[in-house]
Amino acid sequence: MVDKERFTYKKVSQVDFGLLSPKMIKKMAVAKVVTPELYDKEGYPVDGGLMDIRLGVIDPGLKCKTCGSKLKECIGHFGYIELARPVLHVKFIGLILNLLRCTCKECGRVLIPQNKTDKFSKELDDIEKNQSFDARRKRVRAIILNLKTINKCPHCKARQQKITLDKPYTIFEAEKRLSPIEIRSRLEKIPDEDCKVFGINASVARPEWIILTVMGIPPVTMRPSITLESGERSEDDLTHKLGDIVRINQRLFENINAGAPEIIIEDLWDLLQYHVTTFFDNNIAQLPPARHRSGQPLKTITERIKSKEGRIRHNLAGKRTNFSARTVISPDPMIDLNEVGMPKIVAMKLTVPERATEWNLEYLKKFVERGPKKYPGANYVVRPDGKKKKITDDTHEQIIEEVQPGYLVERHIMDGDVVIFNRQPSLHRMSMMAHKVRVLPDKTFRMNPAVAHPYNADFDGDEMNIHVPQTEEARAEAEILMMIETQLISPRYGLSVIGCIQDAITGNYLLTKDMQMSREKAVQILASIGMTDFSRLPSKKILDGKEIFSALIPEDFNFTGRSKSCKRKAKPCLECDHFVKGKCDIDSRVIIRNGKIEVGIMDVANLGQGAGFLLRNLHKRYGKEDTIRILGDIFRLGIRVLLLRGFTTNLSDMDLPEAASSNVEKTLLDAETEIEGLIDSYRKKELEAFPGKTLIETLELKILEALNRARNNAGNIVLEHASRKTGTFIMADSGARGNPINMAQMAACVGQQALRGKRINLGFKNRTLSCFKRNDLSPEAHGFIRNGFKSGLKPSEFFFAAMTGRDSLMDTALRTPKSGYLYRRLANSMQDLRVEYDHTVREAAGKIIQFKYGEDGIDVSKSEGGSINIKRIIEQVIGETD
Amino acid sequence: MMHEDIFKEYEDKLNPKIIEDVKAKIPQKITKAQLKQIMDLVVEEYKNCRVEPGESVGLVSAESIGEPGTQMTLNTFHYAGVAEMNVTTGLPRVIEILDGRKSISTPMMEIYLENPYSTGKDIKRIALSIKETKMKDILSEMNINVIDITIELKINSEKVKELGINRATVLKILSKEPKTAVRQSSTDKDIFIIRSTAKDSSLNDVYKLREKIKNLFVQGIKGITQVLPVKRGSEFIIMTAGSNLKKVLELEFVDDTRTICNDLFEIADALGIEAARQAIINELFKVIDMQGLNIDKRHIMLVSDMMCYSEKVQGITRYGVISEKSSVLARASFETPIKYLIEAALVGEKDKLRSVVENVMLNQPVPVGTGLPGLIVEVKGK
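Protein chains in written order, with our numbering: chain W, 1 to 882; chain H, 1001 to 1382.
The reader is advised that the hints may include incorrect statements.
[To be verified] Using 27 Å as the maximum straight-line C-alpha spacing, the simulated DSSO-like pairs for lysine-lysine come out as follows: (1) H/1352 to W/138; (2) H/1124 to W/685; (3) H/1036 to W/620; (4) W/684 to H/1159; (5) H/1025 to W/852; (6) W/319 to H/1350; (7) H/1352 to W/319; (8) H/1036 to W/862; (9) W/773 to W/685.
[Said to hold, decoys possible] To list a few chain H residues with every Cβ distance to chain W over 10 Å, as calculated: (10) 1134; (11) 1139; (12) 1143; (13) 1215.
If you are wondering where the hints come from, they were derived from the structure by calculation, not from laboratory data. Note that the coordinates shown come from a computational prediction; the quantities given were computed from them, not determined experimentally. Each residue gets a CB set at the ideal place from its N, CA and C atoms; glycine is no exception.
Could you put the whole structure together from the sequences, leaning on the hints where they help?
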């Protein structure tokens, strides 16, 4: 048995930052670049050119002259160019200025007496030790600021002259330009210990290294050229820029050697400075950016690193994966909550590596035998030495022979494999959960609609991603930490994020409200949701809906709660005197004793997502696996019941009896007359203003209040008179969809359209729309929609509705990026907080943020909304001994 | 209280709050054995509920606040009640708090009063005495006499009376203005005539002077632009627009144990960082509650602690909390990477790779959650 697994045995433990000295650059370089030419006539890289093959290879077939390896193996090597004259580095220009201003031009010492220098550098070390790097930086800035005013060197008594910066990179000393050579010689004079005052560590960054005398040339692998379809080569932006630098540099050399006049040399020197500057940063305010021939600016080093599309955020902090799939999702209530339906095509492309041992060898060989085209087969085998072999029609027989313990077989995904399911935007951890695969026909991912909520998914064309963990560790973590059932209780508020939705709620509501059916029918329903044991159904001819529902919950489950219709939601039931005295409306409380519903209706308050105390209690009592199973059963039961009963919603649901509609009409009329009176008294200036408000504001508020009252009254009338048997009412009452306001809007009156908390007031001069009179203050001229959706809106009313609609669209469009940025900042600042073994919360450097998480060390998702249910424990103990 | 000894036994195993909770909830008649059993069960339950070491609590909190952020409204709403002041709520307010902004868009105070005043005594006068009043607020007329080059101003005697000051005080305030001479008109006591005593004062200067006089400070507390006495429960409080906590707390009729404002920096300044931390929690909670969202307070507490742990209120921005991070790469991965890389190079910073992003960048396990424990196993045999 050959087993030469390559383990990761090295770990980066630290990254050091520092400047490259000219010596270092030369030392690490493998080639000196002397010519701007890239290729010779044959298209072969020129020696000493920018594409020199000593710098690495980007052509297949060529071998790197330095390390001898081929494309993709050679990581590339640095080169260098000798600059004819030194140039400044733009990114350090501020520092150069500070250094020149704060050191003596003669002796190079810092412009503070010796004793103070020591004091400052010690102080800085202290600050760093006790506070942070950031505090140190701030102190350095303060010290430097104080130095600028000194104009006499305390060491050699030399007079200092004023140094100014002409942006971007020209430095003057009292009207005279300082050349980089001059600057460099001054920086050289600064002693190491004086650097400390500037926050520079001279052992890694000598000040004079900032002035470039040699320049490192990045390896070719960092700036690969692309071959266009026409066979033409297109070079990378960096290569272009480097070409410019080398060209000017050569010309400068030639001119200096030829003894050209000073002006020409100066000009070329400036040009070199420009090219080197734009090589580092092509986005400097005072400089015209270097451009392609097409006019588009070059992307040089700074642009490569910076911003969202830059190296750091795009490539380093964001990774791409293999073994993933993406397609449209569709609902399937018949698969389990923790399953995901995967199309067979996908299952045959994605693979799971399985290690062959002597015990599963025969089993795995069967997969290999079936190959990539027959499900379930295998696509690749990996030899112990890491060589990957594709299984094809030609090779598969030979591979079957070859496979032996130690080989990895990349077999197709099968039912029960654990995969990670994800929908963007991944705003919380429930956006990525592990599911068990169910391989299904067709081409969409199938999920139980109950788990759509944590993903915030719907099925109007949403796409989702699947990732297949590839190691045993990853699979174990996914299964133990990421499965749906482990994510049931949200860490945000400690309630279930998964619950019944829509038709499942309606179904259970109808079932537990007043449904009765024959035992046969009940058995049929329960069997259809996968139940086999019907012993819990009472042996009666006619069964009550509550009894059928009870068959799903465990026999020893006790629960007291409330349903949606309970109006005293502020207090927990057990503390509510209404409840204790048994005065609750029969429908508004839920009591389950010994696994049987005694009273109560199952609606959103108990089954819904983000609500159900029932679900949380089940979870607490029976654990995650049972909860998820029971929830799945309840969900399917609801759907089944609804399917059998039939359910629809009609336009006639909105019909009101004659008395009701005249009543609505009267309410609205009353409100209108009231408002007329208000407007009248306003016009007569009899209206009394609220404190801190003007008269017109007061009027507006009063009108708004009157109109809202009228709408609410109309809504109540509708609610009173609407038939309790209609689909619309049942949906609203069970909490499955819609609310009484929606019903009132359809049946009676849509109500006031509010824009930023006020009535609609914009549009034309002194009026909202041209169909109204000027200065009309009446409700209909300011966005009150008197009609209901069913009777239809007037054109002006429709227009007002569109206004608020547009406003809310804008609101969402503006909000998304704002909240996204807030989220990014929060996540970035807090991502490395963790609970330590001593239960303190610390950040990465070990600073304590909290001594105990949340002051009591309780995990929200593990407890009951962040606290321990003492009442239950007491009842448990006392109940036992009773 | 009976069975004190049993509770004592559990003091180092449970939080005081949980013990208090048990004390409050147990029935009067209970045997020692039962209590012991209860306490043991509570301890066990507590152990089950504890956060596990390595739990990435920071990220969970960030998610818990960031995710519902998408559901918040952008609008500035009226404060609850019919006609009170406008308050920034919703997402803008959350951003404002977490940014740690020095000046907030709608500063506000709730001033509680000491006993005789809290029942409504002199409430209006007290409120007005707090409000920052400028000269222009008490004027009824202001004219420039072009011939004499003087300013004539007439004060609104009713308003002056309301404020509890008299003409003499007005005169005093006016005469404080340098290079002017003030006299009361002989015909109307309410009229003051101001003449510039500066050499060669032109009409132009008088216009400038007029603006200056308009903004002369008369009385009240600087920064408080609007006052509103309201009844809350059984007592009267004063709500203000604009805030100046330090100055208000110095007033003798103010109940300084309950008076608050919504400006974090003022609170930190007047009451210290602990109070500011609590203020952040309260303010965030207020917004979240108003939006009808549900977030556990632990998450908000953690954010608040993050903003306050360095002795001063810091925003969650690149200038605040994030600039304090010890890792160069972590800072660089947030914003302005070049700046941080260059600074790091000069100082010779060393990144110890102890937080999350750096390790992501290097394809290494992150030191939170299951990546935290380190196991060293000596492999024996071949």
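Results of checking the hints against the structure:
Taking the CA atoms of residue 1352 of chain H and residue 138 of chain W, the gap is near 22 Å; set against the 27 Å cutoff, the hint holds. Distance check on the hinted pair: residue 1124 of chain H and residue 685 of chain W sit about 25 Å apart at the alpha-carbon level, within 27 Å; holds. For a cut-off of 27 Å, the pair hint linking residue 1036 of chain H to residue 620 of chain W stands: about 23 Å separates their Cα positions. Using a Cα cut-off of 27 Å, the hinted pair residue 684 of chain W and residue 1159 of chain H holds, with the two alpha carbons roughly 25 Å apart.
With a C-alpha separation of about 25 Å, the suggested pairing of residue 1025 of chain H with residue 852 of chain W holds against the 27 Å cut-off. Taken as a hint, the residue 319 of chain W and residue 1350 of chain H pair is honoured in the structure, with Cα atoms around 24 Å apart against an allowance of 27 Å. Simply put, residue 1352 of chain H and residue 319 of chain W have alpha-carbon atoms about 22 Å apart, close enough for the 27 Å limit, and the pair holds. Between the alpha carbons of residue 1036 of chain H and residue 862 of chain W the distance comes to roughly 24 Å, so the proposed pair stays at or under 27 Å and holds.
Distance check on the hinted pair: residue 773 of chain W and residue 685 of chain W sit about 21 Å apart at the alpha-carbon level, within 27 Å; holds. Separation of residue 1134 of chain H from chain W is adequate, the least Cβ-Cβ distance of about 18 Å exceeding the 10 Å criterion. Every beta carbon of chain W lies more than 10 Å from that of residue 1139 of chain H, the smallest distance being close to 20 Å; the non-interface claim holds. For residue 1143 of chain H, the shortest C-beta to C-beta distance to chain W comes to about 26 Å, beyond the 10 Å cut-off, and the non-interface label holds.
The beta carbon of residue 1215 of chain H sits about 22 Å from the closest Cβ of chain W, which is more than 10 Å, so the claim that it is off the interface holds.
Of the numbered hints listed earlier, not one is contradicted by the structure.
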